[in-house]
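K.L.:
In terms of this note's numbering, the sequence shown is residues 182 to 538.
Certain hints may be false.
Here are the in silico distance ranges between beta carbons for each label pair [what the hints assert, rightly or not]:
#1 Ile411 x Ser440: 27 to 35 Å
#2 Ile434 x Gly479: 16 to 24 Å
#3 Leu209 x Cys511: 20 to 28 Å
Rather than coming from a laboratory, the hints here were simulated on the basis of the structure. Bear in mind that the values here come from a model prediction, so they are computed numbers and not experimental data. Where is the CB? At the ideal position from N, CA and C, for every residue including glycine.
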Amino acid sequence: MFQSIRRCTVFLPRSHPILTKKYVGICLRFIVSAGFLGWVFSQTDLRTMLQTWSTLDWIRLLASAIIVHLLCTALRTWRLTIILKNLGLAVSPLWLWLSHLRANCVSTLLPGNLGGDFYRTVMLARTSNQKLASASAIIMERLYGIAAMGILSLFGFLYGVFALRHPALRPLAQPSLFFALLAAFSIATAGWIYRHELLFRFHQWEKCGASVARIVRLIAHPLTRTSEGIRLLSVSLLFQLGIITWYAMLASIMELHMSFPLLIAIIPIVELFLLLPISIGGAGIRETAFSVLLVPLGVPPEQAISFALLSFTLLTLTRTLSGLAFFIPCTPQVQSSPPRQHYENQTQHRPIRQKVR
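Turn these sequences into a full structure, and let the hints guide you.
P.N.:
Structure follows, in structure tokens:
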């Protein structure tokens, strides 16, 4: 009997180790999200929270969310346009704006924001016929966004500790300052390496393949120009301030007495926590972070959690409505031009060595 069972199990499909690891990761994220949500909802009165939602002006909320979402998408389009021009690609801003809106809709269907980035990379590569430059542009845009978020998070943390004297942030002041100084030193060292082109003298990236080495060189090109780096970082900071402005509008509609400086101290920290891949779409992390940061300031737990859930709901609605951009026809206009002289001197006279077996 055991031999017959063994013969039957031979023909069953065996699970791939990569897929098994992925499923385990999804289960762990689900457990983390469920645990945080269970703890948060156990500290609140659901009836009071539902009454708060029933008294809100939903038309005003949705209209403000759509307007801010369109403006923030325009800022991201501007940032990507600057990056593409540095890489020698001139793409129609209208087409880039529509592709951003479509990518926002795709990101609601696929887990995480990587779905939207993958969609933009594929569409840009298909339009421009330059796969490596397209991937480099999307990676570079994501890096500048994370850098701006980190700068605002550090500023907000310092403001919350020393100016607002936030009780939840003061115990973390010393270790956070240590890690902030370590991160600043790492960024300064990386900038110095990019500035003096030390990364390309050791040819370490060439061992990973010609494509990876090419992408690294494309990413490093705008970083070697101080003016372009400051310009891209400024646009990224404007984008983050636009997100904080939307939270301020949401707080005013909910009649929460939260000033704009207070939101500058809180929102970037919450957004930085949402980047951690430990939950399902940030569920549980968002609500816990707002509860921990707002309740010590006198905000009732029901209002703090309602603020977090409402922001997530409106964000999901606006991203879903961004799918209407699929019905707007737009012909992409791409003009390829050689990159700037600094990049030509960097790549043309430095051939990629192939490994000879």
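K.L.:
Which hints from the list above does the structure break, by number from lowest to highest?
P.N.:
3
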